[in-house]
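J.: Sequence:
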Amino acid sequence: MKLDKLRDMTYGYISTASLRAAIKLGIFSLVKEQPLSAYEISNRLNANLRYVNSLLHLLVDLELLEKKGDLFGNSSIANDFLIPDKPKYQGDFILHITNYWMTWAHLDERIIAGGPEFPYENGFVDAPTYWHDYIKGRHNLAFVGQADLLIQHTNLEGRAKMLDLGGAAGSYSIALCQAYAHLQAVVLDLKQPLEIAAELLPKYDLEDRINLMAADFHKDEFGRDFDVVLISAILRLFSDEEGRNILKKVYDSLLPGGLLIVQEFTPLEKPTQKSFMDKVLDLFLIVGHAQKGSDRSKEEMRAWIEDAGFCDFEFIGLPNQTTLMIANKR
1 MKLDKLRDMT
11 YGYISTASLR
21 AAIKLGIFSL
31 VKEQPLSAYE
41 ISNRLNANLR
51 YVNSLLHLLV
61 DLELLEKKGD
71 LFGNSSIAND
81 FLIPDKPKYQ
91 GDFILHITNY
101 WMTWAHLDER
111 IIAGGPEFPY
121 ENGFVDAPTY
131 WHDYIKGRHN
141 LAFVGQADLL
151 IQHTNLEGRA
161 KMLDLGGAAG
171 SYSIALCQAY
181 AHLQAVVLDL
191 KQPLEIAAEL
201 LPKYDLEDRI
211 NLMAADFHKD
221 EFGRDFDVVL
231 ISAILRLFSD
241 EEGRNILKKV
251 YDSLLPGGLL
261 IVQEFTPLEK
271 PTQKSFMDKV
281 LDLFLIVGHA
291 QKGSDRSKEE
301 MRAWIEDAGF
311 CDFEFIGLPN
321 QTTLMIANKR
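Note that our numbering numbers the sequence shown so that position 96 is 96, with each residue one more than the last.
Think of the hints as simulated: they come from the structure by calculation, not from any bench. Ideal Cβ positions, reconstructed from N, Cα and C, are used throughout, including at glycine. Hints are not guaranteed to be accurate.
Derived pair list, reagent style DSS-like, types lysine-lysine, alpha-carbon separation capped at 30 Å [what the hints assert, rightly or not]: (1) Lys2 to Lys32; (2) Lys86 to Lys32; (3) Lys161 to Lys298; (4) Lys5 to Lys86; (5) Lys86 to Lys2; (6) Lys2 to Lys203; (7) Lys67 to Lys88.
Computed Cβ-Cβ distance ranges for the label pairs, DEER-style [unchecked claim]: (8) Asp148 to Asp205: 16 to 26 Å; (9) Gln34 to Glu306: 35 to 45 Å; (10) Asp85 to Gln192: 19 to 29 Å.
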């Protein structure tokens, strides 16, 4: 049994590669309307029948496809999460994570040298592909449930203008503006994420309520007329000094009585099945994103927030790897 576990770990990357290939080839979209044979799929892909047939049978064992007779169709998992344009599509997120394929192949080198290695630095994908999959992947995560949790656990009644700091594709601004008809939002991020946001906003008819602002978190001012600031999964990327400085700028950007909402990955306090994912995310953070970053504890994040001047701190653990931290400007 011990050897079986070791072999499962050794061959596990082949399952991941098969999922990535199926998404890139568009196999789940090909069979979304009706099941097709391996021959029909290989013809539509202009691909080698022997290779297609082998991949399809592995996808069946992975419970991503179902086979009836000679025909292959989507499983419920694929139908829910792997069809583009469906609300809970996760394909962009999967591509983003697996774009780090070569980075993980260099993990021994990263351990020795320290510092992250981005996929466009080692040539696995180019920079535009990296940014597209990264930002659209964050959008996938927001609309698979995180946005609903945010709305469920916060109250923006009476709040008129929100700063979405590091808002990427504007996913949470979109969800919150849909939930609160009076809310206006400014999404502040780098140029590349905002290009994706500009593509998404017309689909939700929110161009007149969500503005996009390209800026540097460290160098540029945020403005001073917001009554709510949302920060999603970016503080862990920064050093202690950088994170504290950003929160001080956030404090200054809020009107008196303004609301701070932080969504962030924080380590779980008690060992659970999810504690393995804590360790995975911590390693992924420093290998793939930011050498200065760290999965900050609840106590660290609270100290940052309160030292910036905020009060009435509230910590809300969510049923995933994310927590909400809410506080008010004095």
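J.: Under the constraints set out in the numbered hints, which ones does this structure not fulfil?
T.: As far as the earlier hints go, 1, 4, 5, 6, 9 are violated by this structure, in ascending order.
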